[in-house]
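With the hints as your guide, set chain B onto chain A.
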Amino acid sequence: MTGSPSVGFRVFRAVFLLACVAFFALPLVAMLDFSTKIPATGERTFADWQALVTNDSLRESIIVSVELAVLTVAGMVLLLVPTMIWVRLRVPRATRLVEFLCLLPLTIPALVIVVGIKNVMAWVNYYIGDTPLALTFPYIILVLPFSYRAIDSALSAIDVKTLSEAARSLGAGWPTVFVRIVLPNIVGGVLGAATITVALVLGEFTFGSLLNYQTMPVEIAAIYKVQARAAVAAALASIILIAVLLMLLSYVSRDRRTREGRATA
Amino acid sequence: MTESPARTERGTPVELTDLTRVYGSIHALDGLTLHIDPGELVALLGPSGCGKTTALRILAGLDRATSGTVAVGGRDLTGVPANKRDMGMVFQAYSLFPHMTVRDNVAFGLKMRGRDKAARNRRADDMLDLVGLTEHGGRFAHQLSGGQQQRVALARALAVEPSVLLLDEPLSALDAKVRSQLRDEIRRVQLEVGTTTLFVTHDQEEALAVADRVGVMNQGRMDQIAAPADLYANPATPFVAEFVGLNNKVPATVDGGRAQVLGVSVPVIEGSLSAGPGIAMVRPESVTVAEVGGGDAGNARVTSVNFLGPISRVYCRLGEGDGAIDLMAQVASSLATRLTPGDPVVVGVEPTAVLVVAAP
Chain A
0 MTGSPSVGFR
10 VFRAVFLLAC
20 VAFFALPLVA
30 MLDFSTKIPA
40 TGERTFADWQ
50 ALVTNDSLRE
60 SIIVSVELAV
70 LTVAGMVLLL
80 VPTMIWVRLR
90 VPRATRLVEF
100 LCLLPLTIPA
110 LVIVVGIKNV
120 MAWVNYYIGD
130 TPLALTFPYI
140 ILVLPFSYRA
150 IDSALSAIDV
160 KTLSEAARSL
170 GAGWPTVFVR
180 IVLPNIVGGV
190 LGAATITVAL
200 VLGEFTFGSL
210 LNYQTMPVEI
220 AAIYKVQARA
230 AVAAALASII
240 LIAVLLMLLS
250 YVSRDRRTRE
260 GRATA
Chain B
0 MTESPARTER
10 GTPVELTDLT
20 RVYGSIHALD
30 GLTLHIDPGE
40 LVALLGPSGC
50 GKTTALRILA
60 GLDRATSGTV
70 AVGGRDLTGV
80 PANKRDMGMV
90 FQAYSLFPHM
100 TVRDNVAFGL
110 KMRGRDKAAR
120 NRRADDMLDL
130 VGLTEHGGRF
140 AHQLSGGQQQ
150 RVALARALAV
160 EPSVLLLDEP
170 LSALDAKVRS
180 QLRDEIRRVQ
190 LEVGTTTLFV
200 THDQEEALAV
210 ADRVGVMNQG
220 RMDQIAAPAD
230 LYANPATPFV
240 AEFVGLNNKV
250 PATVDGGRAQ
260 VLGVSVPVIE
270 GSLSAGPGIA
280 MVRPESVTVA
290 EVGGGDAGNA
300 RVTSVNFLGP
310 ISRVYCRLGE
320 GDGAIDLMAQ
330 VASSLATRLT
340 PGDPVVVGVE
350 PTAVLVVAAP
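Each protein sequence line maps, in turn, to chains A and B. Under numbering that gives the first Met the number 0, read the first sequence as residues 0 to 264, first letter to last. Under numbering that gives the first Met the number 0, read the second sequence as residues 0 to 359, first letter to last.
Be a bit skeptical, because a hint or two may be false.
Unchecked claim - Pair ranges (Cβ atoms, derived):
| no. | chain 1 | residue 1 | chain 2 | residue 2 | range |
| --- | --- | --- | --- | --- | --- |
| 1 | B | Ala92 | A | Arg95 | 22 to 32 Å |
| 2 | B | Glu191 | A | Pro4 | 53 to 63 Å |
| 3 | A | Ser155 | B | Ala323 | 50 to 60 Å |
| 4 | A | Pro4 | B | Ser333 | 15 to 25 Å |
Claimed, not checked - From the derived model, a few chain B residues whose C-beta atoms are all more than 10 Å from chain A:
| no. | residue |
| --- | --- |
| 5 | Tyr22 |
| 6 | Asp29 |
| 7 | Ser47 |
| 8 | Gly48 |
| 9 | Leu61 |
| 10 | Pro80 |
| 11 | Asn82 |
| 12 | Arg84 |
| 13 | Asp85 |
| 14 | Leu95 |
| 15 | Asp124 |
| 16 | Val159 |
| 17 | Gly193 |
| 18 | Ala225 |
| 19 | Asp229 |
| 20 | Glu269 |
Everything labelled a hint here was simulated from the structure, so no lab data went into it. Source: prediction; values computed, not measured. Using N, Cα and C, we set each Cβ at its ideal position, and we do this for glycine too.
In isolation and in its complexed conformation, chain B is listed as follows:
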């Protein structure tokens, strides 16, 4: 995980207050409150149906909140229609107008604002330059790849100099490599123009990589919003701990702000069980695996090894029978390649802080 680059503060603050959205008996949003600082990029992360897209669509004016308010730059936009909100949006589905050239697509928002043709084309070319598609101005959408189409959609959204940029899972339809490139490009462009941005995604890697802050949503509510590193290291709820990153659930005993996990004393993070037996959420990279030799039985056995390139995941079983604990460790592939299922190993945990929750 890399540290976020410095951001500018040319954007506009956004305030969503106590938003609810009810569809029949379903509460898509259940009292969502969110503040976004000027120029900040906030990612809303969560599983399907958690309400993140609903929140974005309400901010865009494409959906109506059952209750609650939307304010941008201190102005209440709750009842303002989408075309009067001055926002730019990139959609999950390819949304370029098929009958227009790339340049006309990018200039469309400016045309709606009454800019003359020369100014429109100049701005459109600048935006295409920003996303590296200067040469493609005369093409049509069907002549571009998916990644190029989303770049044009980004240029189109930014051409109108929106007060807020909304990104609704813009990378979902792309393959892994293009996705990663465009993700970095979105962040670069966002930092360059300094527009306040709300990025909705279900991909935690995407959210952690580009956002200043990541909000994890669950059942229409914000479970936690924090900087990516903070969110990863200090999950506030079991849901956040499980959704962001992978976890091992290991029996632990808490006493005096520390927990005994696999015989190692580790600090507990805020929101943990205060005392007594519980379940510690241990990150795979905090689980250590050591080879044993000379007939030593170790304390666990390897059950499988997943090679992922520079790192690998090693699955081990600690103990036998009903009390056995299955653990997943993330280790260097140089070690993992020497391990095979059935090998005895010694597993432990590093003394990093963990969230301990009550046992179910």
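Okay, chain A solo, but in the shape it has when bound:
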């Protein structure tokens, strides 16, 4: 059946969309309102937003979390992408095992993992010093299930075996197959995994708190007790940062498709 939708349906669609937008946007608007309003006078102020850069401990915790996000993304990509490609190409019978290992952190509560790795972290600190960046290692484990799914979907969308065999038959060595053939075709999945990783790391509280590191969520929780508006401003800023990252990801994917589409013209 074709034809334009009925008036009733269009009204319903508009109301439904508005309800969805309100559902997601209202808490954010409320956060913005809370973080910029002085309750006693009702005046607007961005002093608490300025605290994101002027409050030393908050600023440092934001820098630590961003560094952790970058390092975790790098570690995850370096560990997971070659492993998954290699397993698909050379040891497909290990697929289930790798999948199981990657999904395992999802089934174990973060609290249990922290208790389990506390002694290991002592050794990590012994070797690399007592730096919050040591959290990179448990964070890589933490993001494995989500990153695995994103990269696995991207790999499933292409015929990795045939493409790599075609490249090898044309003279490409394994590093070339990885970097020039497989990787460009799973960029979307890798970017997706990276975005999820950033979102997880910027919002992770349990590990940071229990291992006594001042990451952004830990600092926000601490500030919230004494300076609630600054804490809400920091939380909203991290949400905006992740939203911007998602939009960038969407833009990059669309840009690739547009470039390919333009070639037909």
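Same frame as chain A, now just chain B:
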């Protein structure tokens, strides 16, 4: 069947010697030996699981033989990795790199060989011209049809001037018309560039149409390798006779190099039963069917007629009860259209040579 056009001999000889490939308890290859002359196109034909693709993949370096040797141009390549073998390959699945344009795909092998960009693009354009896709250099794989993608894959494989061209069922994913066109094009291009070629297929028509020689494989072994016409006319084994072309199994008696088949004396081909009763493998085109009229009962009845365009297949039953023989004849459609199931006919065989094997 048309005669193969003359081929050039610019290619490199290939020698597979006593290749075996064992997967657990399965012998995918069981002592395969194959020689391919320079510039020759050999088709490996056989049912699924006969080992033909395994042989090709071992030659390409994408799989390892359990034992045996691979030599190209006199050089032992047995332990050489795929990317050092200087071969071009077209796969059954579409294998163009999705993130590259058609031109970049074709030039990829040259890039791996360190050619400069101008030389790469020049060669890529020449190759695209060869396969009739000059205008498509700037497109991506998803903007091409299946047939065009396989043409580009052929151009890409040939761009590096490989010592051997390997075709792994490159037409399987295409529809019948494109398949036939591309089949002819592959042969034209192969003859033009003169590259030694191994073509793996399970489609006998494809193999017979394009190859200088066709090797029929069965359970990891080469049952017979011969020129298409020779293979068709003189199958060496019952498997080859059955796999290449269709056959009728007709009781026969052999004596003195000739067989009595449906009352007609016909010569037997080499490898047949030397004497006594057996089963003759009679091609459908060697079975004759004649209409009868005036109340004549003939010697058989038509059971069904399959119209195939210019020719038709007529199925007849000779005799009644347990001793009845079912025959399939290939006749001109002008005759077949006059026949209907139940019609009495006279069937016979032409005096062409047949393979006679022992009765089971």
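Verification of the supplied hints:
Taking the beta carbon of each, Ala92(B) and Arg95(A) are about 24 Å apart, inside 22 to 32 Å as hinted. Between Glu191(B) and Pro4(A) the C-beta distance comes to about 58 Å, which sits within the given range of 53 to 63 Å. The hinted window of 50 to 60 Å between Ser155(A) and Ala323(B) holds, with their beta carbons roughly 54 Å apart. In this structure the supplied range 15 to 25 Å is violated for Pro4(A) paired with Ser333(B), their Cβ-Cβ distance being about 59 Å.
Consistency note on Tyr22(B): stated as away from chain A, and its beta-carbon is indeed over 10 Å from all of that chain's, at 13 Å minimum. With a least CB separation of 24 Å from chain A, Asp29(B) remains clear of the 10 Å interface cut-off, as annotated. Here Ser47(B) stays apart from chain A, with its beta-carbon at least about 18 Å from theirs, past the 10 Å limit. Every beta carbon of chain A lies more than 10 Å from that of Gly48(B), the smallest distance being close to 19 Å; the non-interface claim holds.
Interface exclusion of Leu61(B) from chain A breaks down, the closest Cβ pair being 5 Å apart, not more than 10 Å. Residue placement check: Pro80(B) does not keep its beta carbon more than 10 Å from all beta carbons of chain A (closest about 8 Å). Chain A draws Asn82(B) into its interface by the beta-carbon criterion, the shortest separation being 5 Å against a cut-off of 10 Å. For Arg84(B), the shortest C-beta to C-beta distance to chain A comes to about 8 Å, within the 10 Å cut-off, and the non-interface label is violated.
Once the 10 Å rule is applied to beta carbons, Asp85(B) is inconsistent with being away from chain A; the minimum gap is 8 Å. Here Leu95(B) does not stay apart from chain A, with its beta-carbon only about 8 Å from theirs, under the 10 Å limit. Annotated as non-interface, Asp124(B) keeps its C-beta farther than 10 Å from every C-beta of chain A; the closest such distance is 16 Å. The beta carbon of Val159(B) is not kept farther than 10 Å from every beta carbon of chain A, the shortest such distance being approximately 6 Å.
Its beta-carbon lying about 20 Å from the closest one in chain A, Gly193(B) satisfies the requirement of being farther than 10 Å from that chain. With 10 Å as the threshold on Cβ separation, the claim that Ala225(B) sits away from chain A holds: the shortest Cβ distance comes to roughly 29 Å. Distance to chain A confirms Asp229(B) as a non-interface residue, since its nearest Cβ pair spans about 32 Å, more than 10 Å. For Glu269(B), the non-interface assignment is confirmed: its Cβ lies about 39 Å from the closest Cβ of chain A, beyond the 10 Å cut-off.
Violation of the numbered hints given earlier is confined to hints 4, 9, 10, 11, 12, 13, 14, 16; the remaining hints are satisfied by the structure.
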